[in-house]
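Undergrad: Listed below, chain by chain, are the residues.
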Amino acid sequence: MAESGVTDGLCNTDDIERSKTEGKELTKEEKQRLRKEKKQQKKNKEKNDEKTSHEGEKKKNKKKKEEQPAGSASQPPAQPSPKAVPAPAPPPPAAAAVPVPASEAPAPADKPAKSKADLKAERASKGKKGDVGQPAPTGKLKAPPSELQPVVKRLPEHVQVDNPEVVKKLAKKLERQQIPLRSDYGYKVSLFSHLHQYSRKAPLTQQLGIPSTVIHPAIVRLGLQYSQGIVAGSNARSVALLHAFQQVIRDYTTPPNEELSRDLVNKLKPYISFLNQCRPLSASMGNAIKYIKKEISNIPSQCKEEEAKIKLLNCIERYINEKIVLAAKAIAKYSIEKISDGDVILVYGCSSLVNHILCEAFEKKRKFRVIVVDSRPRLEGREALRRLVQKGISCTYVLISAVSYILPEVSKVFLGAHALLANGYVMSRVGTSQIALVAKAFNVPVLVCCETYKFCERVQTDSFVSNELDDPDDLIVTRKGKTQLEHWQKVPSLGLLNLVYDVTPPDFVDLVITDLGMIPCTSVPVVLRVKNVDQ
Amino acid sequence: MELQAVLMAAGGGSRMPDLTYNTPKPMLPVGNKPLMWHPLNLLERVGFEEVIVITTKEVQKMMSTDPKMKDVKMKLDVVCIQEDGDMGTADALRHIQQKIKTDVLVVSCDLITDVALHEVVDLFRAHNATLAMLMSKAHDFTETVPGQKGKKKTGEQRDFVGVDQSGKRLLFMANEADLEDGLSIRKSIMRKHPRMHIKTGLVDAHLYCLKKAVVDFLADNKSISSIRGELLPYLVRKQFSKTTNCPKSKDDADDQTQKTADGSTNSTELLICSRDEPLLQLAQERSCWNDHRGDMSEAYHGGKLRCYVHIMDQGLCYRVNTLAAYIEANRLASKLLEEPAVHPSAVISERCQMGPDSIIGAQCQVADKTSIKRSTIGNSTTVKEKVKVTNSIIMHGVTIEEGCNIHGCVICSNAVIGRGADLKYCLVGNGQQIEAEGEAHSFHTSTFNMLSLFSPPTVTRGT
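Protein chains in written order, with UniProt numbering: chain G, 1 to 535; chain U, 1 to 463.
A portion of the hints provided could be inaccurate.
[Claimed, not checked] Capping the alpha-carbon separation at 25 Å, the derived lysine-lysine pairs in DSS-like fashion look like this:
1) Lys199(U) / Lys480(G)
2) Lys168(U) / Lys201(G)
3) Lys242(U) / Lys391(G)
4) Lys304(U) / Lys391(G)
None of these hints come from the bench; they were simulated from the model.
Build out the structure end to end from the sequences listed, making use of the hints.
TA: Written as C-alpha cells, this is what we have:
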C-alpha cells in the first residue's frame, strides 16, 4: 500500500506542477475530465453494487483513518493522489468519491491534478489488481476526502459528552433500546469534560427492573462485574464478554418470520449499548464483537437454528482459544528467548499476559528477578506481586514515584498493552508512558507484549482525545480516621481526575512481541492489513 | 428469566396470638392493607411480574375477597399447604421444587421495607453468589405495647452474624440458642479472613436470593426444614469446608461418598461445584481483581460457594412478627404508602381534628368533635362524636360510640366500644364488646376472657 502511494505520488507531483504552470487552460480539460470521472465512478458503483462486500463500511472508515497517518507521512502533494485511485472500489468509497468531485470546487488547483491522476491511477490500479491493492486503495480513497471535508469523519459519541446534541441522540437511542441512561457524576476537569465520568455507587441496575427481562441476565451480571471492577483487564473482559454471548446464543430462539443471522445481531445491539454504559468498551472487546457480528451475519439462511447455534458457540470457543490462549503461549515462547539469566525485569501494574510470560519463563528455569511498579488508585501491582511470588519468583515492589530510583538496576522492561493503535502508539494503563519514558532515558529496552486481536485501527497521539474516566471517589483515602477529600464536591475549584489509560509513543517502545512474532511498533498497520485480508 | 419470587405466607404468627387467633397473620391490616400486600408491593415496584405465593387455604380465601389484594397487578400463583402441618420454609420450597426453574428470591410475608432491592440482587449477581440476604440494624420499638407490664424484653434469642471487612461477605451465622458454651470460630475462617466483624443487633429481614442449585439440594436433603434456622447456617458453614476448596480432586469425592451412605454428599458436590465453567474460570484468572489482600490466595480464596449479606443502616425494615413490631409498622405505614392518608370514600365531618400521620380507611364515618392523632383506622369503621383516638390501631368494622377515649390501643375487627369508654394500652380482640363507661388500662381481651367492664370505673391489669 505504501509503495503504490509513493509511485502515484511521484507521477502526481508532475501532474500538479504541470497544472500549476498550465493554469487556466486546464479548466476546460478539467471539466471534461470531471465528467469522465463521474461517469466512471457511476460505472464502478454499479459494478460494485453487485459485488457483496463483507467488510462493512465501518471498516472502510477505519481504514481511511489508518491510511491517513500513512498518507501524512508521505509528501503533502501525494495526498490527492491516493485519493485518486478509485479502482474497482466497493460502494462506500464510491459514494465518498462522488462527493469528492463536488468538494473539489473550493480547491480548483487540486482538481486538475486529481482528475489526471485519477485516470492514471485507475489505469495503474486496474493493472495491478490484487488482494493487497484492494483494501489499500479504498483506504487511500477515504483518507484525502477527510483532508478536504472533515465532515465525513464521524467522532464516536463517547468522546463528545460535552456536546448536548450528541448526548440527546444517545439518550434517544438508549430509550429506543429500553436501556437506562447512566448519568455522569461529579465535576469533570475541563480538559476531560468531553468524556463520561460515572460513580461506582450508582450502578446501572438501579434503574433496571429485577428480574431483568429486556437484557439477558448474563449480560446484566457482566455489566455489573465490569462496573464494579470484578472483571478488569483487557483479556479478562473479552473472555467474560464472549462467555456471556455464548449464554445469550444458547438461550436464543429465532422469532417466527425472522432470520437468525439478522435478528441475533439486532438482539446483541442493546446488550452492547448496556455494557458500554456500564463501562466503556475496550478495543479488544470491540474486535471480539466485530468478529461475532461477522460470524452471525455469515450464517447461511438455510442453516437450521440448532446447527447455527452450535456453529456460533464453536466459533467463540475457537476465537478465544486462538486469539487468547494460544497467542499467550506463542508470546511466551518468543519472550522467553528475550529473557536471559540474571535479568532484572520491570513490570508495571497487573497485565495478565506479562504475568503469564514471567511464570512460564520461571518454569523454564530462567533465573531472573522482577520489580513490580504500582500506582494509585488501583494498586493493581499488588495482585501481580501476589501471583509472581506465589510461583516463587523473587520480586521487589515499588510505587511509580520511585521508578527513576529503581531503574539503574533494571535490565528490561516488560509492559502489557490494552490496545495497539494503528500509528504505532501503545494504549495501556495510565503510567505506562511514564515508565517507558524513564526507561528510554536510562537506555533500558522496553518490550510491549500484546496479542494481535488487541490491534486497533484507531489513531491517537495523545491521551486526552479518547480515554476513560474512572470514579473520582476512588482517589479519596482515609488515613488515621481522617478523610481529607471527603467533601471535594463542595469546593468549587477542585476536580478529581482518575484517568485509566494513556498512550506511549512508538519511539519509547523497542519491540512489540505478538503471536505473529516480534515486530517493531510501526509495523502495526501491516499486521492489521494482513489480518483484514485473512478475514 | 433471572429470578423467581416466592412469598412465604403460611406462617402462623405464633408470637402474636392475640391478633392472629382470628385473622391469619398474612391478612392482618397494616396501614389498612393486608400484611402480605407490603412485600408484594415491593416486588411489584421493583419489576417482578409473577410471584409464587405459598399459603394456607384460609388465607387464599381471604385474599380472593379482599379488595386491596386486587390492586396487586402481578400474577400470583398461589400454592396451598396444610395449615396444621409443621412445614418449615425449606419444606415449602421443596414442595414447589417443580415450579422453580431459575434462581429464586424468597420473601417472608411479614416484611415491610423500603430497601432498594437491587443492592441485594447486585451482590447475588456480581459475585455469582449462592446466597444473598438482607439484614437491617434493629430499631428499638418506642411505643408501649398493650398488655405489657413495663418495658420487659421478651428475651428473644440474639443472632450472631459475622461479616468480613467489607461488610458484604457473610462469614458466620449462629443463634444464641445454638451456642452453648461460647462462640467458636474455625481457624480456617480466621486464616482466610483475619478481620471479622461480629454483629448482634441485626434483624434478619427474611429476604433471600438463592441459587437454583440450592433448591435442588433441598429436594435431596429432606432433613432441612427451615431456611433461616437450618439452611442458612449450613450454607454459611459450607463456604469454608474442605470439600469446597478442592472440588476437583476425585479421591476426596470418593472418600466422601464412602463415608456417608446417604446421597447427601453428592448433592453438596453439585451445590458446590456450581457451574463455574472453564471460560468463567479463565476470565477470573486473567482478571486483576481480588476480593481480599494480604495472603497468597486468589479471589474468593478459590471458594465456589459464597454467601453475601446487605446490611441496611438507613431506611425502614420491619418484620411484623410481634405485637410491638406490628404497632410500629402501623405507625410508619403512612410513610411507606403512596396513597393519600385519608381514603376518598371516608366521610369525615369538618369539625374533626385529624393529625397528619393518621390513616383513615375506606367508607369510614367520623363524626364531629373527634380527635384522631397518630392512628390507623380501618375500613368501614364508625367513630361517633367526641371521641379521642391517639396512638391506636383500629381495624375494620369497628364501632366506637360517643365520648370514648382510646389511647395506645389495638382494637381488632368488628369490635364495639361502648359509650364513654376509656381505654389505655389495651388490646381488644375480634368482635369484642366493651361496655359503656368502662375504663381499662393495659388489658387484653380475647374470646377466652369474656370480661365485661362495669360502669363504675375499675382499673384492672392482667392478661
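Undergrad: Holds or violated: Lys242(U) and Lys391(G), Cα atoms, limit 25 Å.
TA: Given pair Lys242(U), Lys391(G) holds - Cα atoms ~23 Å apart, limit 25 Å.
Undergrad: Compare the distance between the alpha carbons of Lys199(U) and Lys480(G) with 25 Å, and conclude whether the hinted pair is satisfied.
TA: holds, 23 Å
Undergrad: Under the criterion that the straight-line Cα-Cα distance not exceed 25 Å, is the pair Lys168(U), Lys201(G) satisfied?
TA: With Cα atoms ~14 Å apart, Lys168(U) and Lys201(G) stay inside 25 Å; holds.
Undergrad: Hint check: Lys304(U) vs Lys391(G), CA-CA at most 25 Å. Holds or violated?
TA: holds, 23 Å
Every hint, counting from the list given before, is met by this structure.
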